[in-house]
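> My request is simple: use the sequences and hints to build the entire structure.
Residue numbers (this note's numbering): 40 to 596.
In short, the hints are calculated from the structure, not lab data. All clues stand as given, with none of them false.
Under the rule of at most 25 Å between Cα atoms (straight-line distance), these lysine to aspartate or glutamate pairs were calculated in the DMTMM-like manner: (1) Lys163 <-> Glu111; (2) Lys209 <-> Glu87; (3) Lys110 <-> Glu186; (4) Lys430 <-> Glu399; (5) Lys110 <-> Glu200; (6) Lys281 <-> Glu44; (7) Lys412 <-> Glu354; (8) Lys170 <-> Glu112; (9) Lys99 <-> Glu200; (10) Lys140 <-> Asp160; (11) Lys412 <-> Asp342; (12) Lys212 <-> Glu112; (13) Lys99 <-> Glu114; (14) Lys192 <-> Glu182; (15) Lys65 <-> Asp84; (16) Lys281 <-> Glu264; (17) Lys163 <-> Asp242.
Please read these numbers as outputs of a predicted model, since none were measured by experiment.
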Amino acid sequence: MREIECRTGDWLFNAGLVGFVNIVGKENVRIEGQSLFFNAALLYDFEESYFAYFIKAYEKTLSWYKIISYKEEMERHREADFSDFDELSLDRLNNYIATAKYYLKSNSYVGAYPLIDETKDPVKWGKNLAKVGQLKKKETFEEKRTEIIQNVKQVYTQLDEIIDFCQSQKGKKYLAAKNVIYTVINNGWSGVSFLYSQTKEKDCYIDYRKSFVEPVLEHLETNLEKAKFNCTTCNEPIKNMKLDLSFMNETGFDTARKTSHVWDFNNDIAVCPMCKLIYSCVPAGFTYVYGNGIFINDSINIDTLHAVNKKVHNEILHHSTDNLTSTSPYRALIEAITNQTEDKRHYELADIQVVRYENETYRFNILSKRALKIFRESKETLKTIQKCGLKEGNLNINFYQETVHRLMNNENLFTFIHKTMYLKVTNVSSTYYHMGHVGALLSINTNFLKEIEAMTDISKGQIWHINKCGTEFKKAYPENKLSGFNYKILNALKTNNRDAFMDIILNSYSYLGKAIPDFFLKAFTNDETFKTVGYAFMVGVNGPLENNENGGNKDEE
Numbered sequence: 040m041r042e043i044e045c046r047t048g049d050w051l052f053n054a055g056l057v058g059f060v061n062i063v064g065k066e067n068v069r070i071e072g073q074s075l076f077f078n079a080a081l082l083y084d085f086e087e088s089y090f091a092y093f094i095k096a097y098e099k100t101l102s103w104y105k106i107i108s109y110k111e112e113m114e115r116h117r118e119a120d121f122s123d124f125d126e127l128s129l130d131r132l133n134n135y136i137a138t139a140k141y142y143l144k145s146n147s148y149v150g151a152y153p154l155i156d157e158t159k160d161p162v163k164w165g166k167n168l169a170k171v172g173q174l175k176k177k178e179t180f181e182e183k184r185t186e187i188i189q190n191v192k193q194v195y196t197q198l199d200e201i202i203d204f205c206q207s208q209k210g211k212k213y214l215a216a217k218n219v220i221y222t223v224i225n226n227g228w229s230g231v232s233f234l235y236s237q238t239k240e241k242d243c244y245i246d247y248r249k250s251f252v253e254p255v256l257e258h259l260e261t262n263l264e265k266a267k268f269n270c271t272t273c274n275e276p277i278k279n280m281k282l283d284l285s286f287m288n289e290t291g292f293d294t295a296r297k298t299s300h301v302w303d304f305n306n307d308i309a310v311c312p313m314c315k316l317i318y319s320c321v322p323a324g325f326t327y328v329y330g331n332g333i334f335i336n337d338s339i340n341i342d343t344l345h346a347v348n349k350k351v352h353n354e355i356l357h358h359s360t361d362n363l364t365s366t367s368p369y370r371a372l373i374e375a376i377t378n379q380t381e382d383k384r385h386y387e388l389a390d391i392q393v394v395r396y397e398n399e400t401y402r403f404n405i406l407s408k409r410a411l412k413i414f415r416e417s418k419e420t421l422k423t424i425q426k427c428g429l430k431e432g433n434l435n436i437n438f439y440q441e442t443v444h445r446l447m448n449n450e451n452l453f454t455f456i457h458k459t460m461y462l463k464v465t466n467v468s469s470t471y472y473h474m475g476h477v478g479a480l481l482s483i484n485t486n487f488l489k490e491i492e493a494m495t496d497i498s499k500g501q502i503w504h505i506n507k508c509g510t511e512f513k514k515a516y517p518e519n520k521l522s523g524f525n526y527k528i529l530n531a532l533k534t535n536n537r538d539a540f541m542d543i544i545l546n547s548y549s550y551l552g553k554a555i556p557d558f559f560l561k562a563f564t565n566d567e568t569f570k571t572v573g574y575a576f577m578v579g580v581n582g583p584l585e586n587n588e589n590g591g592n593k594d595e596e
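In structure tokens form, the structure reads like this:
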């Protein structure tokens, strides 16, 4: 069969290339620098490989898995003859029943049932499910245990039928495919094939093949010697301009309706069927968590491109399966680019483009060599703030995500440090961190300031010393005056008012009859050093770093 070559291009096409390699397997392609070679025979069952990849990659995040995974608990209770079935087990069963009833009647599932077995009616099964062992007031589980267990056994028989149906070969093939279509694939593209709202094809596998695979096979057999047009992406000859990128989310547009998007209102954007198929693989190149995706366009060659994104993928979906959050893509990014023990390349040859998909929009950052060094130096400190956050109205702010986002944008953390410290000292609710975590932010910010050479005259050991002096000050200073001291100092730091800051410090130490530590003289060096000294002192005043399990930087003293 004919060998096909695809070369790297822009970030979107590169994501498609990575996705294609993930789908067909790296062992089935040949990579030479920025070129990817594969046999056209790979395309004959490509639709099967396409869905199989997504189902395997995201299996434990799917609603289908929520349904079939309860089988294990059922078997455990049966083997123990329900001796280990307690009130907690009953709660889990009833929660599972509610989940199963919800998904069994969902439109995406209902549309797939005839493809699995036309003789079965899972919708009816779901309607017949009812919660078990609803206790009345003053009734206890132990009092009604015999009756409850009997009802549980009957419900288990109903659930066997449901789970076996969903777990069958066709059940997994179609129900899990429906899941990945609406939770993963639609992040990358929509409006065509099985994501076209008025498609007449019920089988998503056939629909994908007709839309993406068959046009490629037909294109390979077409004589294009007299072709007048060329593919915008690969420059290969094409017979017409019918295929475009309007199906790609946030990047494509309807060339027929929006002619103002092209030069002189004359559309010259069209792709060949092969490139369109590669673009359909973009969702397999990104890694998604709760609708947020990430792709690292480290395009020095396809091997590197695939390897770094595979690390991100594994870090998110395999190492963190039980604890997936919106922070996972950021955490995986840092792990992938700072893990030098497994990769000889230290990511110092060139800047790296990071593409994030958030709130249905693509966002771009360039990870410079400077940023990569900051992340490496702050890797362990970053781990301490992974679960820290605060809430402002309906907005949840995670420390890790906010910190990485600011560093990627080459921004310091002073405004964020001020906010977290102010909320803590004023006892605002919905703050899920302690002062040690604020100290961790300060440590990371110090790495940033030193790397951009904005602050070179203060070490981490000195910062720790300043923090300890703040703790000693707190012990000596009257508790009833502390809130006023905090307010005035934080206000001076926020407004960058060194004179007001030193007046407050002088008055406070005079009140205590103590000498002012000489490190306060550094506050006059520059703005960055002033704020670093000030916030380090305030971390000590409002909460020492000692004995904090997840915060601070004690080892760096």
